[in-house]
Amino acid sequence: MFDIQQFKLINKYALRDFTRSYKKLWVVTSTLFVSLLLLSLTFSVKEALNSEIENNSKKLLGGDIQVTSGIDPLPEKIIDEFDDLGKVSTAIEFATMLSKEGESPVFTELRAVDDNYPLYGNIETIPQIASERIFVNSQKPSVLINESIQKLLKLSFGDDVVIMGQQFEVAGLVSSVPDLAESAVFGEFAIISMESYEQFGLNSGGSFLDHQYRIKFKNSTQVEAKEKLVRSIVEYDDSIEIRLPGESGQSLSRIIDNFSNFLNLVSVSAMVIAGVGISNTLLSFVNQSNTSIAVKKSIGFSSSFIQTMYFYEIMMILVLTSVVAYFIGVFSPLLANELLPEALGIDLQPTFSFIGYLNIFFIGLLVVLIFSIPSLYSISEIKAAALFRNTFNPVSLNFSLMNIILLSILVVILTTYFVYQTEQKLYTVLYFVAFFVTMLIFYGVSKLLILFIKAFYKFSNNSYRIAYRNIVAKKSLAPIMTISLGIGLTLLLTLSFVANNLKKEISDSIPSMAPDLFFVSIDRDMQRDLESFIKDVDPNVELEFSPMASASFISLNGTPIEEVVSESNRSAWVVRGDRRISWSEKPKPDNPIIEGEWWEPGIEDELFISMDSRAAYDLGMKINDKIVLNILGRDVTGIVKNFREVDYRDISINFAIIINKAFANKLPYEYVGTLKSELPSSEILARIVEKFPNVSAIKIDRILSQVSEVLNKVFIAVTAISLIVIIIGLIVIVSAVLVQTTFRRYNNLIYKILGVDFPTILKAMTMEFAVIYGTLIFFALSVATISSFLVVENALQLSWQFDLGLTLWILLSTAVVSFVLILMANRSIFSPKVYPLIRNE
Amino acid sequence: MSAAIQFNNVSLNYGTKTDTVEVLKSISFSIDSEEVVSIVGPSGSGKTSIIMLASGLETASKGSVKINNQEIVGLKENELSEVRRKNIGIVFQSFYLIPNLTAVENVLLSLEANQQYNLEKDAEELLGEFGLSHRLHHLPSELSGGEQQRVAIARALINKPKIILADEPTGNLDSANSEIMIDLLFDYTKKSQTSLVMVTHDNSIAKRCDRIIEIRDGQIV
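Residue numbers (numbering that gives the first Met the number 0), protein chains in the order written: chain Y, 0 to 840; chain E, 0 to 220.
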């Protein structure tokens, strides 16, 4: 039964003990605070981003509803029907080249908008009135460009640029648009008026044209009925897509979710390492307080009362640290605003939510419970009878059967709680399993090290003998150092290896294989002229052109494709929306068939399909399955004939779906192509665009540098976060060192009395560190190598490489920092004062 | 008079089955309420073990130990704590004050263990009686050895226990402080009609008791 007086007593003792012993609890407080802060930061930024997306869903969509008809515009009659529902804004997006005389043309995402645009929010421009200028009717049309184009082409306001052979004047810089355009954030983006688009006939974007219609309903009542009406208006064509505000910013949300899930896992790793420190500190706290505990027991306090009192103290620390961490975290979105690209147009606001706080507190509570139970239960091993003999044996962690069951349940709850909150459930479970297995490995390593060292005790060297005794001693640093530093180092090495392999692939491997230019949407009538022009420019050029048409997946073996393939399927992109397909008479040499057979040439009335094997297996396809594709508005049933192994890494022309040429001959099509040349790609591109203004080509090196830039930022963030795990590990080690200081100071005094000098003791400490760290390196490196190899080879499908320089740099810098910190924490033991020790003070 | 402490064929062994040290060998004795008894004997004879068994801080290997007619052998830790809270006050040789509690807080600890709250005045009065009114809010490290032991005695007595167990209470004190301490204990036991069992090496102190129990090699001589 709850006893209020008992509770008051616990509260009183705990408060008193806390205020008078807080110095002993600084490790618990600091490690718990840092890990809770990390968790709180990621939760707060994620919540703020999601709520910003949710609150601004109409702005992000650009209307109350968006209808996308793809290459072809909607008939006038349908737009008139939309007009009856509210204000309609029409936009056309397509990729094209934007050039300036004397500079290499830039592949640009161009958006043509009418004067109703934007229906919600504003276009932010420099100067502010620049957005109006593009709608002013003048002889020379205007364009708004983003900062990336301005930098690449060294443009100033009023300069002339050429788009598809037509001169435009730069009216200003567009810094953000309300409806998020991905290219506005990471690439090159420009806006022109719809009038200019129509007047100058810029509609040769081919299959890459995207017609978008946004409606702002006349009033906000009966929205659902209006949405239904819009759906019924366009239901005649399956390929027309409708998006509602709730679906806007979905890809951004997914990226945020994945990244924050990763950060949460790192935070929880930091917290578990902090937990190791908490456990160690509490145990030493219990051992230091053994007399007080024994006296309390002798007076008549029960073990459970004393345990509850200390637990209450830990709870006070948890409440205090979690509240402070949460409040700092709540304001972190303001800092995130500074780091997010301005073009996203996102303004994060701090949002306080009690549920959010409880979330942080609950995770902290689970970790604290897991790591404090074995320490606090050791209180029951302290005997009050020892007061009569004045002899106290240090107690150790209490792993009774009951405690093991309790701890297992708590670990399962912690894992389940995280898994429940994440979309990537399997990866989260795997992470936790890997994490706890790594912890066990390092615990085993420390025990093995002690066993191993025991076999070498006869080695005759004073420093070695001291180091030996320190390692095999009951309160050795080895277990805590191998676990806390081992996990941090393994995490840092693994992430660095993965990052390094990915960066190498992007900076070295891909550029050596990839073409220089990728042509998008080449008109079939132009292809021959373009090919011969390029060959005139560079007779040694490597050119490849492939025909291409648009198709969309309808069903697999009679079942609608939406029912067969879930959203989370890795290859869902293959069957979602419009997909470009190609055709061929013969299999491509770099696309080997791994299942089934190629088709007989010349069969015109049957559709045969060759699938990318990875996508086919992900989607559960088998040879001879029947697939219905919608090609140019007509549903056609085809038979899956074979699966090809497709390597997209070299950025050459590859298609997930290839059909038989004889059947495809009837289809209207265009070309895509690649070019690889010894000549500078900028120069070739400039000459091509001058001669063929409607040709669009992507410079691969530009794309790679953009990807590198983004990856670099992500990796800096990831490395910084994994460093926090190491920092927490170091705090834990320093705390373990400080706990040992009294014991070591006494030992060193004895050594001093016996004539052992300072250099010998310093050498002993260096040896002790070297032995433990050396063992730890071996296992951390092994675990990191295996895990990064698995990620790089399997998940990223790249070839894994080992970087000795990077490895040495990480290992050496961690060793130096750790050793200096250990020396600093140990400084008082180098010159122990004889008097207080002899007086037993 | 009824028996405050009863030992019946009590043995205490330490060690393993193959290597056993027999500390007490089937001893029996009884101490009446209000009786003042000293336990004497050479080092290692088992004097302190008797105090440990009587306080329930150690469990007899064989035999029966009764405190105020309640059998305590076989009780669980919580039940033993309750017996101690209600019946026993212990004074140790090494004082064992809690270092981060003041003198008055150390004394209050006993009351609070017995769920008696807000009795600061009682604790201050008792410490005043022991000549420590000027040291009430000092930490143990700020007190002399004699003062620390007076606080420890006050802590043992504040609860008005029926039995006081003292293990060489003057062992760490000079003769002047020893005398003060013993006078305090004897005066209190007389006034409050309490039993006092005291382990001592000091014959002059032992002689002031109603009875002396001498222990040698784990047996009563």
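Calculated from the structure, these hints are not laboratory results. Check the hints yourself; a few may be wrong.
[Claimed, not checked] Derived DEER-like restraints, expressed as beta-carbon distance ranges:
1) Y/L450 x E/S25: 43 to 51 angstroms
2) E/R215 x Y/Y442: 49 to 57 angstroms
3) Y/L400 x E/A175: 53 to 61 angstroms
4) E/S140 x Y/L789: 39 to 47 angstroms
5) Y/S399 x E/S27: 47 to 55 angstroms
6) E/S174 x Y/F451: 44 to 52 angstroms
7) Y/E53 x E/E78: 38 to 46 angstroms
For glycine and all other residues, C-beta sits at the position ideal for the given N, C-alpha and C.
So, going through the hints one by one against the coordinates:
1. Y/L450 x E/S25: 43 to 51 angstroms: holds (46 angstroms)
2. E/R215 x Y/Y442: 49 to 57 angstroms: holds (51 angstroms)
3. Y/L400 x E/A175: 53 to 61 angstroms: holds (55 angstroms)
4. E/S140 x Y/L789: 39 to 47 angstroms: Since the Cβ atoms of E/S140 and Y/L789 sit about 58 angstroms apart, the hinted range of 39 to 47 angstroms is violated.
5. Y/S399 x E/S27: 47 to 55 angstroms: violated (37 angstroms)
6. E/S174 x Y/F451: 44 to 52 angstroms: violated (58 angstroms)
7. Y/E53 x E/E78: 38 to 46 angstroms: violated (59 angstroms)
Of the hints listed earlier, those the structure fails to meet are numbers 4, 5, 6, 7, in rising order.
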